[in-house]
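J.: All chains, please: the whole structure from these sequences, using the hints.
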Amino acid sequence: MKKSLTVPAAAVVLGLVLFAAVLTVGDRMPQGGVGLCAGLGGALIGLGGGRLFVPLVSRGMSPEDRREMERSERDERNVAIRTHAGLDSWYCTLVALWVPFVAAMIRGETFWIALCCAVLVLHCAFYLFHLYRWTKKL
Amino acid sequence: MTNRIAQLRKERGLSQAELAEAVDVTRQTIISLENGRYNASLLLAHKIARYFGMTIEEVFLFDEEESK
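Chains C and A, in that order, are what the protein sequence lines are. Numbering-wise, the first sequence is residues 1 to 138 according to the working numbering. Numbering-wise, the second sequence is residues 1 to 68 according to the working numbering.
There's no promise every hint is true.
Pair ranges (Cβ atoms, derived) [said to hold, decoys possible]:
| # | chain 1 | residue 1 | chain 2 | residue 2 | range |
| --- | --- | --- | --- | --- | --- |
| 1 | C | 60 | A | 31 | 26 to 36 angstroms |
| 2 | C | 98 | A | 57 | 41 to 51 angstroms |
| 3 | C | 29 | A | 37 | 49 to 59 angstroms |
| 4 | C | 86 | A | 7 | 31 to 41 angstroms |
| 5 | A | 7 | C | 73 | 23 to 33 angstroms |
| 6 | A | 57 | C | 73 | 29 to 39 angstroms |
| 7 | A | 1 | C | 115 | 41 to 51 angstroms |
| 8 | C | 5 | A | 65 | 51 to 61 angstroms |
Not close to chain A: a few residues of chain C, all C-beta gaps over 10 angstroms, as computed [what the hints assert, rightly or not]:
| # | residue |
| --- | --- |
| 9 | 30 |
| 10 | 82 |
| 11 | 87 |
| 12 | 103 |
| 13 | 104 |
| 14 | 108 |
| 15 | 112 |
| 16 | 120 |
| 17 | 125 |
| 18 | 128 |
Hints are computed from structural coordinates only; laboratory data are not their basis. For each residue, glycine too, the CB sits at the ideal point set by N, CA and C.
T.: Dropping the structure here:
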């Protein structure tokens with residue numbers, strides 16, 4: 001399970017640079033720049049940090065514990081659990097997205113109606129895309 | 001689907017952890033298989049059967065009524 005840590009480490013560094021830019025020159029940035037940099041920076045730190053965390057922790061483990069962790073990573077029951085959990089959370093997110101959509105409809109807020117619609121469509125489009133991808137694969 | 005994993009394992013004096021390591025799964029998977037909560041994939045069924053020196057049909061008992 002040897003994975004290169006260069007890309008996640010670079011993502012974390014880039015995320016930190018973006019945050020530093022917000023803190024130092026944020027007041028001179030164009031409108032929306034602060035939000036974009038902070039959001040992108042946070043996403044990069046989150047994604048990169050998540051990928052860095054497990055390999056870094058596993059380096060401090062004994063070979064036996066590391067083998068156990070790797071086995072549990074590829075264990076077919078764990079894979080099935082992750083698959084079911086992923087699908088269930090997709091359904092939960094779909095239901096949860098209807099709440100702001102209906103609220104926006106009741107309040108008559110066009111921007112939020114359009115935004116909720118776009119997110120709902122994207123959510124379903126990703127699902128259909130991955131259904132297609134896995135149909136081709138399996 | 002039922003199976004004889006627990007019986008075969010005990011006959012050979014193996015722990016769940018030892019069997020899990022031999023077939024490259026976690027101990028929790030062996031526990032779930034033995035309890036009948038999880039059905040093994042064909043690959044895992046093959047690994048387990050081969051480990052016990054038996055055929056898949058001898059280890060895993062397919063109940064036609066249950067599958068209906």
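J.: Against this structure, judge whether each hint is valid.
T.: Against the structure, the hints come out as follows:
no.: 1; hint: C:60 x A:31: 26 to 36 angstroms; in the structure: holds, 28 angstroms
no.: 2; hint: C:98 x A:57: 41 to 51 angstroms; in the structure: holds, 48 angstroms
no.: 3; hint: C:29 x A:37: 49 to 59 angstroms; in the structure: holds, 55 angstroms
no.: 4; hint: C:86 x A:7: 31 to 41 angstroms; in the structure: holds, 35 angstroms
no.: 5; hint: A:7 x C:73: 23 to 33 angstroms; in the structure: holds, 30 angstroms
no.: 6; hint: A:57 x C:73: 29 to 39 angstroms; in the structure: holds, 31 angstroms
no.: 7; hint: A:1 x C:115: 41 to 51 angstroms; in the structure: holds, 47 angstroms
no.: 8; hint: C:5 x A:65: 51 to 61 angstroms; in the structure: holds, 53 angstroms
no.: 9; hint: 30; in the structure: holds, 52 angstroms
no.: 10; hint: 82; in the structure: holds, 13 angstroms
no.: 11; hint: 87; in the structure: holds, 17 angstroms
no.: 12; hint: 103; in the structure: holds, 40 angstroms
no.: 13; hint: 104; in the structure: holds, 43 angstroms
no.: 14; hint: 108; in the structure: holds, 50 angstroms
no.: 15; hint: 112; in the structure: holds, 43 angstroms
no.: 16; hint: 120; in the structure: holds, 34 angstroms
no.: 17; hint: 125; in the structure: holds, 30 angstroms
no.: 18; hint: 128; in the structure: holds, 26 angstroms
In this structure, none of the earlier numbered hints is contradicted; all agree with it.
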